[in-house]
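Asker: Sequence:
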Amino acid sequence: MYGDRRGAGAAMPRDGLRRGGLMVLTLLVGTLTAAMELLWLLAATPCLALPRLRPEVLEASARIASFEARRLGMGAGGYNGVRAHRYLSVRWAAGVLGGLVLLTLGVGAGTGLWLVTGWLAGESPDGIEPTAPVVIYIAVLGTVLLFLNLTGIAGVVTLERWLVTHLLRLSPTEILERRIAELAETRAGIVAAVDVERRRIERDLHDGLQQRLVALAMLIGRARRGRSPELLDDLLRQAHEDAQQALSDLREVAWRVYPSALDSLGLREALAGVAERSAVPVRISYDLDGRPTTTVETAAYFVVCEAVTNAAKHAGADLITVRVASEEGRILVQVIDDGKGGAVLSGSGLSGLARRVAALDGHFSVISPAGGPTVVTAELLCASAAMTRERSPGPDGAAATPERSPGMAGWS
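All residue numbers for the sequence shown refer to the numbering used here, where the first residue is 155 and numbers rise by one.
There may be inaccurate statements among the hints.
As a list, the in silico SDA-like pairs of lysine to any residue whose alpha-carbon atoms are at most 25 Å apart [what the hints assert, rightly or not]:
1. Lys494 / Thr452
2. Lys494 / Leu473
3. Lys494 / Glu481
4. Lys494 / Gly525
5. Lys467 / Leu390
6. Lys467 / Gln364
7. Lys467 / Asp387
8. Lys467 / Gly306
9. Lys467 / Leu389
10. Lys467 / Leu363
11. Lys467 / Tyr440
Derived Cβ-Cβ restraints for the label pairs, each shown as a range [stated by the list, open to error]:
12. Ala263 / Arg172: 17 to 23 Å
13. Leu390 / Asp515: 54 to 60 Å
14. Ala335 / Pro205: 52 to 58 Å
15. Arg217 / Val368: 15 to 21 Å
In short, the hints are calculated from the structure, not lab data. Source: prediction; values computed, not measured. All residues carry an ideal CB built from backbone N, CA and C; glycine is no exception.
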């Protein structure tokens, strides 16, 4: 027990020295960046009056502010450009103040070292003799100045953190208002996406299935009126082929609405079905230990389905790669094709996916330079506690392992 106390007592000074050293280093870096930020403000602030340059200036200010937040250990990213520029216009002064505190500390430490080394060498620097009253006076004065300097260092760091909290970050009320606005926008987007999907289903039924059923009815009518056995056999054969194709079209429409395999077999097998129906070879990399929640699973499926369909129809791709993995509490869904590129997020299908992902607090992006490749990425929030085992018990109680579907789907 006493050994533990002695160990804890020895660790406390070490921790104090480490924290003090980190504060000094933080302040030193902040002093250097303050000078650069002042130059940036002098050069960039007039550019805010130019509409063409304003977005770039604010974006650069947001990046600089993100660096300052990381320097103080307060996270970074997603800061508003206007807030960031306003924060930098005040932060540089705190950096200069920190530099003055460090300068005072350095001068005091240098003076004390100069006196002590001179006395140890048997000299009297500037005629100051190392008498007892002088040594006591200088020791007390140095201790007081050191305390004030260390307090100043802690105070400047606290001031910088306060500036980040009150000038750079959103207040709880602002966060709530922004969240409400995002939810309202997402709800409107979901309603619009549902309407778009309904219109697409109507087009699929009208232009595809309905036309085949009309042709099938005409063939059956001709068969009923026919008198030649050879013609009757030919008409029945055509009617049978059209009926099979109509069933295939109906199955395709049903899969686009909601695939039954997603409920019964899970996301992995549903994606295998997408690969089987694709006209372009699809390679799938699936790395999830458990089964996501239903909403996340559905969103991931439709992201892959839409991206694969677009790549097969418009990109002229030779290979589509699908990656589904879990990364830091998120499910990453990525679809890459080696086609000609040029996809735009404003398209009805991709914009609908963006709204669907945003409704789950996820992030959706499309990178598609001219000449390719096109990379469609969705990051979906999914807590590990919400994951269920993907392998469901079979009839004999053993875990049923989904088999790989034959065809063009490749598992890596």
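Asker: Taken at face value, is the distance from the CA of Gly306 to the CA of Lys467 at most 25 Å?
Answerer: violated, 65 Å
Asker: Does the Cβ pair Arg217, Val368 satisfy 15 to 21 Å?
Answerer: Cβ of Arg217 to Cβ of Val368: about 60 Å, so the range 15 to 21 Å is violated.
Asker: Please verify whether Lys494 and Thr452 have alpha carbons no more than 25 Å apart.
Answerer: violated, 28 Å
Asker: Quick one, are Lys467 and Leu363 close enough, alpha carbons at most 25 Å?
Answerer: holds, 19 Å
Asker: Okay, Leu390 versus Asp515 on CB: inside 54 to 60 Å?
Answerer: Once the Cβ atoms are compared, 55 Å apart, the range 54 to 60 Å for Asp515 and Leu390 holds.
Asker: Just to be careful, I want the Cα atoms of Lys467 and Leu389 compared with a cutoff of 25 Å; is the pair within it?
Answerer: Roughly 32 Å separates the two Cα atoms, so the pair is violated.
Asker: Hey, Lys467 versus Gln364, does the alpha-carbon distance stay inside 25 Å?
Answerer: holds, 22 Å
Asker: Between the alpha carbons of Lys494 and Leu473, is the straight-line distance 25 Å or under?
Answerer: holds, 12 Å
Asker: Tell me if the straight-line CA distance from Lys494 to Gly525 falls inside 25 Å.
Answerer: With Cα atoms ~4 Å apart, Lys494 and Gly525 stay inside 25 Å; holds.
Asker: Given the hint that Lys467 pairs with Leu390, does the C-alpha gap stay at or below 25 Å?
Answerer: violated, 33 Å
Asker: Would you mind confirming whether the straight-line C-alpha gap from Lys494 to Glu481 stays at or under 25 Å?
Answerer: violated, 29 Å
Asker: Has the given pair, Lys467 with Asp387, been kept, meaning a C-alpha gap of at most 25 Å?
Answerer: violated, 36 Å
Comparing the model with each earlier hint shows violations of hints 1, 3, 5, 7, 8, 9, 14 and 15; every other hint is respected.
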